[in-house]
Amino acid sequence: MAEEVRVVTKRMREHTEDSWTLQRVLDTGGYDGARKAVVEMAPEELGGEVKSSGLRGRGGAGFPTGVKWSFVPADVSPKYVVVNHDEGEPGTFKDRELGERDPHQLLEGMIIAARAVGANKAFIYCRGEFALGSRRLDQAIRDAYGAGFLGEGIFGSDFDFDIVLHRGAGAYICGEESALLDSLEGFRGQPRLRPPFPAVKGLYGQPTVINNTETLSTLPHLILNGSEWFRQWGTEKSPGTKIFSVSGHVNRPANYEVPLGTSLADLLELAGGMQNGKEPKAIIPGGASAPLLTSTDVALDFESLQEAGSMLGSGGVVFMDETTCMVRNTLVTTEFFEHESCGKCTPCREGTWWAVKVLERIEHGDGRQEDMDLLLDICNGMDGRSFCPLGDAASWALRSGVKTFRDEFEQHVAEGSCPFGGGERVHVGARVGATGLGEAGITSQPAAGIDADSEPEAAQP
Amino acid sequence: MSDGKVTLTINGHDVEAEENRLLIDVAEELGVYVPRFCYHPGMKSVAVCRMCLVKVEGSRKLLPACATPVTDGMVVDTVDEEAVDAQEGMLEFLLINHPLDCPICDRAGECPLQDQTYKHGPGSSRYIEPKRTYEKALEISDLVVLDRERCVLCWRCVRFSEEIAGDAFIQLIDRGAGTQVLTFKDDPFDSYFSGNTIQICPVGALLSKPYRFVSRPWDLTSAPSVCSYCAVGCPLTNEARAEKVVRCQALPNENVNDFWVCDKGRFGYHYVSSEERLASPLVRTDADEFEATSWGRALDVVTGRLRTARRIGIIAGAHLTTEDAYAVSKLAKKTLRTSDVDSRLQDAGAPYERAAALSGVAGSTATLNDLESARTIVWVGPDPKEVLPVLYLRLRKSVLEEGAKLIVVSPRRISLDAIATHVIRCDVGGEAEAVDGLTWGFDTAVAGDVGDPLVVCWGPSSPGRDEGPIVDAVVALARNKNAKLLVCPPHAGSQGMIDMGVHPSLDPGYTPSDSRGKDTRGILQAAAAGELDILLLIGADPVADFPDGGLVARAFGSGVFTVAVELFPTESVAHADVVFPSAAYAEREGTFTNLERRIQKLEPLTAPPGSASEPWRICSRIAHGLGDDWGWAGFNDVWTEIRATVPTHAHVDLTWAGQESRPLSLHYESPFQPDPTHGRSVSAGPGAGYPKGHRSGAPFHTGQNWPLSWELRGFEARQRPGIIPSRPPEPPAGDDPVSPAPAPGAPAGDDAALRLIPRTDTPAGGDASLRSGTPLSSAFASEASPSSAKGWSRTGGEDGDSPEVKAGKSGVPERSGESSPAATWHSVEDEFPSFSEGRRSFVLYTGRLLYDEGAMVSKTVALKSLARRPFVELNEEDAKELGLSEGDEALVGGNGVRATLEVRLGDIARGAVFIPYDQPGWRANSIIRGVNPVVEVRHP
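First to last, the sequence lines map onto chains Z and D. Numbering-wise, the numbering used here puts 391 at position 391 of the first sequence, and it's gapless, one number per residue. Numbering-wise, the numbering used here puts 453 at position 453 of the second sequence, and it's gapless, one number per residue.
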């Protein structure tokens, strides 16, 4: 029987009633890591520890965190730390839960990161829809100031540290780090031309470290226990534990923290297996951008998934059974990207628009034999040619849908209708929620419903 | 490589280039054109259209050539299979939502998207769904029409507005496939530079309202020209259909205008083909009517008068060319032997000659490029955005892009305040003291930012006022800080007039005249006093322009025999006895000398109306009629003589650097050749050459028709840099009686007095020193001045000072019958406040707005409606004391004239009002009397 390894999710799972309060946090060892980082360790030591731990960013790209920090020039000030809490990847809801249920753990991680790179100010860019999460974060920041964990001379040291909470306005693109910075500065949320990279010239033109919520939430434990301790889990190149958001046709959709390298089959087992004893037909392993898998026989780490032709991404895992129309799934995913394309560059703006039109035709029985090749051509036009990874991601999802399930596409064209009895023509892009799914006959119910302003059901698996 | 150069390979050719240059530019100079839509060399790269993706060895992805700096050893393939696939794919993407309405699109025929599609695109589309649609042809301003369906979202217009013009009236709204370029609701595209977005739009999304549906590009003939409005001298192409100028676009010259021109320059061509143009000589009949006549008869009348006239005054307008200026100068000083000649009307109070105290040049020693390398720029003058708009862009670029510090000295808020490091808000006339503060470091906070290299800019601001003390202070600052000086006269021909000696105390080449003649005011005063036999107005309209309406009325009222050379029947022409029709700038060969003394060439495009002719030719014929045959048959004869006669211009060679008379290069097929004199270093690759252009013949040649858009024309045009004539020899070092040099540490005592009273204790010098006998003038007279130039002047100062003008102790002439400057200032200082009758006197500070009632603009349909109504701008406190608020009407009076004007509250020095000089409905010069005028303002 597969088991979770709860490091980052430990407090929230053990104290579901008040894991976000300062009292509970202090009772459970909270801020010990941050205190150690500020009082006992030199900034270089912090960076060294994180570097040797091999911690990789949990937002999607998997870039080694310690290496990212090392790009920040030492002799420029001010520097900033920015938390990418704009979790928008369809199928992913881990950062949301971390923000809602353990906001202090995030603040602690921010203190450590700021200390390591020499920043005295940090920003949390919170996804606009995270109403509860932003309230909890706001309260946590106030409490932390009250306790002397933020502000001037924290933990009695000479280190000053301030945090500003900023709520986004609801755009997926603002999860892309340079678009996030533009949005944070008050501009239209669109990616910036790179180089210069944010580590050199980021927020307000100053060196900026941008880390994902889960990445930062890992730091207190890593600093407190050391890199060797951290490396007891995971693989050589993908050490540590990782939270996977499991949804789709599974019995217990929720966030599960497991060591990297755990097999997809074990994760499915943790989630209670497929509904009605069915077999998974398609699996999205790392958020909507990740190419589809058809087998659960793969290890969940950066390298293995890449070998399998997909990616770990943000860890949003969606299982779909054989009742799912893969044309409709591809359509819904592509509509998401079309809706969220910022419009800055030609291939993403026009390519997603065009692909949605073609997919709609196929799904509704107006497809042509040449449409599948046309879709692949559109993918080629976007992949690697877009301004930022959004266009790439759109092309990966689309290409994998067409390539992996080409027979289903051809069946749609041959029969002139959707063999799954696809419903009426609806444009769902505007209301795609946390998973980007939900229209394909899937009864996917992620643990935290997308009606974000209410207290979610306790997501105990 | 260590010398800042890198070597790379592009399509198999080795190229050497400066590091950090963009690949797209380096390739282009090699002759390899990478297709692009969003890239524009005048703006920062955004790399959004993804059209310029190229293969770079070692890079996993294709790289956008517009955002990739060249590096040493880089191996680039722009025609790699993958790159071409990307380019073709991008084109297909752009076309899916682009309407196929080329047959009704103005851009068709010179459209980069169309050109690229002919070159790369498939014959048909794989896109079968309905296209994105928007409401077509939105009029987003009085000049610009927007068609969002055609837009390819390259951002050029948006970037231009934000980055270059700084007035972001046009923006992107919405996102994804719904992204649109649009203006804000209820907020038109109200920019002085909006037309540039039309020119740089790579499709027909932004259209010129005046040019819309007027012509096909292949039906146009065109000729390079120079803007005839302001002294920046932006190079242009004029384009004509059926002998009528129908369009005008900026020609890029990175030394002058970068890639831009203001809307006045761009849309202000209608006047050329106005029905109101004068087309034949006119003479006044005994019945006091004008009668069209022959040139022979008109010339006979004029020469007959001139033969007997003893007292002759000549006023030339500042929109004439350098050759016209030379001809006027020669007619006056050689043929008619008078120094009573001047070109200063609105800038009548501007003693440009005093700038020569710095270096012998009565003009700029700085170039526009010097602004960009300056650490500090000091601006003392009018609002450049209103008067010299493209100079405003250059200043903005210098400050925002190049990091220069800007110190603005002005009595009222001007556009530059927003980007200035320091704003010194002085009283009207207090500029001189403020500049002295910089010179001697009184204001330590500001003075600390006066760095080296320093460029000091001065331009005459309020028409009519005495700029002498300001010029002296500016010159002293420049001298003290070893700075360069940028003199900013107002009009396209202003500098040429000074250079060629259309000036009462300067001969051609800044040589001091042997005798000092009357300036414009002196000439008009002489006329008013009945002491003038004949008045020649050559492109001059004193009724509209001279800042003393009463004096002009008295001058013409005296019945002086007046000869006018003009484009239009102006109000001054109405007073004339003989009128000669003049050719406009698009109808003639010639040169303009801009404010940095750069000489740029005009080419004729259309024929002048009737028998209208160039002013230089008219001067030459008058001289011929007086028995002085100048032997001029054409433009080249004038230039040859200017080179032989004017020392500063001896080395100006108009055939150099593409300045020879020829049609614009795009009209014939010329292989591209990198210009070795071009500032950037790229060695040409073998066989470098552009494909031939389709505009050489009317029909398209599919597959051979690129690149031909404006970028290419611009590129070739950048090889027309113009020439800045050399300075005359430096005056001897050491002995320096010219510099007004207060002793350091002696800041003239009483601060309160300093604020308003002009410096009557200015050390003797200034223009007095230019008369004769100073080291400066002797240096020219004995060493540099050719005898022919010297020979022009009447010898012996028989009327060095006219009876009306006597030198005050400051060296500033005091005019009898006019209040002296000092008295004026004292009255402002001492007699206020006097609110007893709810009225108050104010120092009048006026200035031109870009769209005004000038003779050329007001005959230009597209711009006429843009001119604002006149208004009076008051300081808020002053307005409050008068019981006036924003939008009220106020009664403004002066010189016995009254007007009701709308009140605007502004950031202006207390005790001063700003009234625009020449707006429709009312001319401010009617209330100006004398120099440094005062007006009364009260509640109506």
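If you're looking for bench data, these hints aren't it; they were derived computationally from the structure. Warning: the hint list may mix true and false statements.
[Unchecked claim] Short derived list, chain Z residues pointing at chain D, Cβ under 8 Å:
1. Phe71
2. Lys344
3. Gly384
Note that CB positions come from ideal geometry on N, CA and C, so glycine has one too.
Agreement of hint Z:Gly384 with chain D interface, Cβ distance less than 8 Å: Nearest chain D Cβ about 5 Å off; hint holds.
Z:Lys344 as chain D interface residue, shortest Cβ-Cβ below 8 Å: Where the cut-off is 8 Å and the nearest Cβ of chain D is about 5 Å from Z:Lys344, the hint holds.
Quick check on Z:Phe71 please, does its C-beta sit within 8 Å of some C-beta on chain D? It is violated, given that the least Cβ distance between Z:Phe71 and chain D is near 19 Å, above 8 Å.
In this structure, only the earlier hint numbered 1 is contradicted, and the remaining ones agree with it.
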